[in-house]
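Asks: Take a look at the letters that make up each chain.
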Amino acid sequence: MALLEMHEWYDLARDTNWTPGYVAEDEIFPPELSDPFGISVEQWETFDEPYKVCYRDYVETQRDKDIGAYSVKSALARADFFKKASPHWKALLALHFSPIGFAEFHSASAFARMTRFSRAPGMRNMATFGTLDEMRHGQIQMYFAYEFIKQDRVFDWAHKSSKTENWIIISLRHALDDVEHTRDAISAAIMTNFAFEQCFTNLQFIGLSADAAKAGDHTFATMLQSIQTDEARHAQIGTPLIQIMIENGRKAEAQQLVDVGFWRIWKQFSALSGISMDYYTPLEFREHSLKEFMHEWVVDQFGRNIKALGLDLPWYWDYFLHDIETFHHCQQIGIYVYRATQWWRPIACTSPAERDWLEEKYPGWNDTYGKCWDVVADNIREGRFERTVPVVPPLICNMCGLEVTGVAGVGRQVDGRTWNATNFHLDHEGRRYHFCSEPCKWVFELEPARYQGHRSIIDRVLDGTVPPGPDGFYEYMGQSFEERGVCGYDYQWIDGYDMPRAAAAE
Amino acid sequence: MAVEVKGMKTWSGLAKKRRRPSEYEVVTTNLQTRTRHPDQAYELSPAPLLEMNEFYKRHVSESPLQHPDWEGFRDPDEMIYRVYTRIQDQQEQYVDGLLDEHNEIGHDATLSDAWLDVLERLYTPRRFLQMALQMGAAYLVQIAPASTITACAGFQDGDEFRWLSRCAYRARELQRAHPERGFGETERRTWEEEPAWQGFRELLEKTLATYDWGEHFVALNLVAKPAADEAHRQLGRIGRRFDDGLLGLMADNQMRDSERSRRWSAGLVAFSLENEGNAAVLSGWIEKWVPLARQAVTAYCGALPEQDDAANAALGAVESFHRSLGLDA
Numbered sequence: 000m001a002l003l004e005m006h007e008w009y010d011l012a013r014d015t016n017w018t019p020g021y022v023a024e025d026e027i028f029p030p031e032l033s034d035p036f037g038i039s040v041e042q043w044e045t046f047d048e049p050y051k052v053c054y055r056d057y058v059e060t061q062r063d064k065d066i067g068a069y070s071v072k073s074a075l076a077r078a079d080f081f082k083k084a085s086p087h088w089k090a091l092l093a094l095h096f097s098p099i100g101f102a103e104f105h106s107a108s109a110f111a112r113m114t115r116f117s118r119a120p121g122m123r124n125m126a127t128f129g130t131l132d133e134m135r136h137g138q139i140q141m142y143f144a145y146e147f148i149k150q151d152r153v154f155d156w157a158h159k160s161s162k163t164e165n166w167i168i169i170s171l172r173h174a175l176d177d178v179e180h181t182r183d184a185i186s187a188a189i190m191t192n193f194a195f196e197q198c199f200t201n202l203q204f205i206g207l208s209a210d211a212a213k214a215g216d217h218t219f220a221t222m223l224q225s226i227q228t229d230e231a232r233h234a235q236i237g238t239p240l241i242q243i244m245i246e247n248g249r250k251a252e253a254q255q256l257v258d259v260g261f262w263r264i265w266k267q268f269s270a271l272s273g274i275s276m277d278y279y280t281p282l283e284f285r286e287h288s289l290k291e292f293m294h295e296w297v298v299d300q301f302g303r304n305i306k307a308l309g310l311d312l313p314w315y316w317d318y319f320l321h322d323i324e325t326f327h328h329c330q331q332i333g334i335y336v337y338r339a340t341q342w343w344r345p346i347a348c349t350s351p352a353e354r355d356w357l358e359e360k361y362p363g364w365n366d367t368y369g370k371c372w373d374v375v376a377d378n379i380r381e382g383r384f385e386r387t388v389p390v391v392p393p394l395i396c397n398m399c400g401l402e403v404t405g406v407a408g409v410g411r412q413v414d415g416r417t418w419n420a421t422n423f424h425l426d427h428e429g430r431r432y433h434f435c436s437e438p439c440k441w442v443f444e445l446e447p448a449r450y451q452g453h454r455s456i457i458d459r460v461l462d463g464t465v466p467p468g469p470d471g472f473y474e475y476m477g478q479s480f481e482e483r484g485v486c487g488y489d490y491q492w493i494d495g496y497d498m499p500r501a502a503a504a505e
Numbered sequence: 000m001a002v003e004v005k006g007m008k009t010w011s012g013l014a015k016k017r018r019r020p021s022e023y024e025v026v027t028t029n030l031q032t033r034t035r036h037p038d039q040a041y042e043l044s045p046a047p048l049l050e051m052n053e054f055y056k057r058h059v060s061e062s063p064l065q066h067p068d069w070e071g072f073r074d075p076d077e078m079i080y081r082v083y084t085r086i087q088d089q090q091e092q093y094v095d096g097l098l099d100e101h102n103e104i105g106h107d108a109t110l111s112d113a114w115l116d117v118l119e120r121l122y123t124p125r126r127f128l129q130m131a132l133q134m135g136a137a138y139l140v141q142i143a144p145a146s147t148i149t150a151c152a153g154f155q156d157g158d159e160f161r162w163l164s165r166c167a168y169r170a171r172e173l174q175r176a177h178p179e180r181g182f183g184e185t186e187r188r189t190w191e192e193e194p195a196w197q198g199f200r201e202l203l204e205k206t207l208a209t210y211d212w213g214e215h216f217v218a219l220n221l222v223a224k225p226a227a228d229e230a231h232r233q234l235g236r237i238g239r240r241f242d243d244g245l246l247g248l249m250a251d252n253q254m255r256d257s258e259r260s261r262r263w264s265a266g267l268v269a270f271s272l273e274n275e276g277n278a279a280v281l282s283g284w285i286e287k288w289v290p291l292a293r294q295a296v297t298a299y300c301g302a303l304p305e306q307d308d309a310a311n312a313a314l315g316a317v318e319s320f321h322r323s324l325g326l327d328a
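Protein chains in written order, with numbering that gives the first Met the number 0: chain D, 0 to 505; chain A, 0 to 328.
Check before you lean on any hint, since a few could be wrong.
[Unchecked claim] BS3-like, lysine-lysine: derived pairs with alpha carbons at most 25 Å apart: (1) A:Lys-5 to D:Lys-159; (2) A:Lys-56 to D:Lys-159; (3) D:Lys-149 to A:Lys-8; (4) D:Lys-162 to A:Lys-205; (5) D:Lys-159 to A:Lys-16; (6) D:Lys-83 to A:Lys-5; (7) D:Lys-83 to A:Lys-8; (8) A:Lys-15 to D:Lys-149; (9) A:Lys-5 to A:Lys-205; (10) A:Lys-15 to D:Lys-159; (11) D:Lys-162 to A:Lys-15; (12) D:Lys-72 to D:Lys-82; (13) D:Lys-82 to A:Lys-5; (14) A:Lys-287 to D:Lys-162; (15) A:Lys-5 to A:Lys-15; (16) A:Lys-16 to A:Lys-5; (17) D:Lys-162 to D:Lys-149; (18) D:Lys-82 to A:Lys-205; (19) D:Lys-149 to A:Lys-5; (20) A:Lys-8 to D:Lys-72; (21) D:Lys-162 to A:Lys-5; (22) D:Lys-159 to A:Lys-8; (23) A:Lys-16 to D:Lys-149; (24) D:Lys-370 to D:Lys-360.
Calculated directly from the structure, the hints in this document are not laboratory data. Keep in mind that this is a model prediction, so the values were computed, not measured.
Throw the hints in and build the complete structure from the sequences for me.
Replies: The following block contains the structure:
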């Protein structure tokens, strides 16, 4: 073949900046969308991603990836797997697919902002692949979710969730819109590509993929892995940007972007991947606990990467290490007891064997979260099902949108064996805002105008936005009667608790 | 007792159509989150507290181009990612074949000085024009009020990058064959200074500085892009007369992408016309932008050798596209 290799010509494809002559530069690159840091265009032109890809190779590689993922054979295997899957795995699939289609598709727009407004030509090219990748991730996951809808209507939420006001969807949109969609191209790229994609997509796409492979859901595992290969490619955008920021005296700004982005995305993954890995994955298929995975893939790797770049660990690092062991356990209780506010069928996943596993992975689990589950189990055993559902609505964090639960070892908690819900609050311009944690409050205080006008689902109940009456809340959230979550095991998980007693009596 | 699990025929959002949805509809519709509240496109403080919510409100919610349900738009090609990569991989394979064959026979060494002058002046600087088209498409991706529009613009964004890349590739090949010339070195200066390009530079710079989503769509997809691509078609056509068959074949291939852009753009215009008042808005914008396009095409095509009325041919194609949009009725 008498074709040039990419390295022989690609430098020209990255030489595409020109000086506007018919409009002012700021009209094409408004600082608030392009670069509020005042770094010169010559500096941005030094942007150099480590692993380069050209369009020609991109479409070939991506075509091949999709041929495997969409094969008829794997579709049949998937349908068959789903029919036989336990409520555990069905809950996991529903939790994964419901929000992810629109969220990934939406990310195509974040990359498009980088293509449009970045003054680094290499970054514009890379971000174009990012836009295409995210369209792929949205579409392939919609396709997979759609295969299940004939069997299970909860998957309708893969399509409808984007426009609902369900509290979990609000929480996700709030985080993603904050990190990816409402900032200038550089800030959004540092937060999205470095703090989000380099740190966390591994969790859902590698961690969960390992569990899926073990569970025999090979097509799900393969799809997750193929998505991660795209993420790894376009996530490269973040690192060179941070280097340019540091070289140009903007280290503090870069640090803050990483700290905010990392925290905001951690909260989402803590709930999504934490519950998926430590609860919804059937016990026999669990590869790692969230904590183990976080330590290997996030704490160690991110810790190394950030120091190598010349930044520091986020100021809340010790708090974060606590949070890894605690937050998702609290959220799992909330998700189960407020199950009617979710569209899927939540499951408890606290049978005696599962509790043993949780205790082993999270020493002290039985004495903290386990005590809550004891109360739930007792109520079910006594047939007091109504007592398994709280009568009062939860307090919702005005930053992450998740339940304010407090975490073990924090706040009024002293010995690490029990915990109290701690509400971090702030009075700002005549109203009180509630937060689940110090970092969520800190993010708010950095830029109050960005957040203060947003109303959590509970704010909307209190201000009358949510219609009154027993169904008003659910209808507001887009949930018909059939779309309100019920216990995925119809409380049968409690049977396991009787076995040890029965065995003792023999 | 296991919980009863019920299925559905299709997404509830598509059920009212009472027909089996295509894969395109299944995976592309209703994925937009930005249009739930006019002053709160993004789930943070509403406008004007959050700048980006104010930006979206001004440029989309308050755009003169309105439709109650943009999400109802459908791409006539029903393009989805896995088909896009398959089609474009084939097309790129074809272009690789062209480049390979022409390289084998030493094509670039055979080009005349007169034609090399043209390539240096009017072809390889095009990568800057492609960059502008790519940035324009990327703006549509992020501002569009429907996921089906975002998808069309996303593929267009990819297409523009495709041709930016091929143009850069050719610049390097020509540079190697003719190192004494300015290939690979002078494109930026030519783009910024050569009179033949200044019309397009003005058109594209002004398009990029247009943020109303509807006007940006009209300026880019109904005017600037068709004009820029039709001018390129003329370059390719004339190239054949100067024994540059490669450029002609590549330009033909590029027009396939350009025509797909025109199909979805025409589809979006047709969809917009469901709403009374949009016809006048669209026509008004076309009238506003066409003079710049005419000036651009005239300057560019006027610089082509043995042009044979190239400007009128290019402008005729753009006008015929406009006539097909049904805006005159």
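Asks: Quick one, are D:Lys-162 and A:Lys-205 close enough, alpha carbons at most 25 Å?
Replies: Between D:Lys-162 and A:Lys-205 the Cα gap is close to 34 Å, so the pair fails against 25 Å, i.e. violated.
Asks: Under the criterion that the straight-line Cα-Cα distance not exceed 25 Å, is the pair D:Lys-82, A:Lys-5 satisfied?
Replies: holds (12 Å)
Asks: Take the C-alpha atoms of A:Lys-15 and D:Lys-159, compute the straight-line distance between them, and say whether it is at most 25 Å.
Replies: Satisfied, since the Cα-Cα distance of roughly 14 Å is no more than 25 Å.
Asks: Taken at face value, is the distance from the CA of A:Lys-15 to the CA of A:Lys-5 at most 25 Å?
Replies: holds (19 Å)
Asks: Has the given pair, D:Lys-149 with A:Lys-5, been kept, meaning a C-alpha gap of at most 25 Å?
Replies: Holds - the C-alpha atoms of A:Lys-5 and D:Lys-149 are around 8 Å apart, at most 25 Å.
Asks: Can the restraint linking A:Lys-5 and D:Lys-159 be considered satisfied, given a maximum Cα separation of 25 Å?
Replies: With Cα atoms ~17 Å apart, A:Lys-5 and D:Lys-159 stay inside 25 Å; holds.
Asks: If you draw a straight line from the CA of D:Lys-370 to the CA of D:Lys-360, is it 25 Å or shorter?
Replies: Status holds; Cα separation ~17 Å.
Asks: Going straight from one Cα to the other, do D:Lys-159 and A:Lys-8 come out at no more than 25 Å?
Replies: holds (15 Å)
Asks: D:Lys-82 and A:Lys-205 were given as a pair; does the straight-line alpha-carbon distance stay at or below 25 Å?
Replies: With Cα atoms ~56 Å apart, D:Lys-82 and A:Lys-205 exceed 25 Å; violated.
Asks: Below or equal to 25 Å on CA atoms is what counts here, so check A:Lys-56 against D:Lys-159.
Replies: Distance of about 23 Å is within 25 Å: holds.
Asks: Decide if the proposed pair is consistent with the structure: D:Lys-159 and A:Lys-16, CA atoms, cutoff 25 Å inclusive.
Replies: holds (16 Å)
Asks: Decide if the proposed pair is consistent with the structure: D:Lys-83 and A:Lys-8, CA atoms, cutoff 25 Å inclusive.
Replies: Holds, because 20 Å separates the two Cα atoms, which is no more than 25 Å.
Checked against the numbered hints above, the structure breaks hints 4, 9, 14 and 18 and satisfies the rest.
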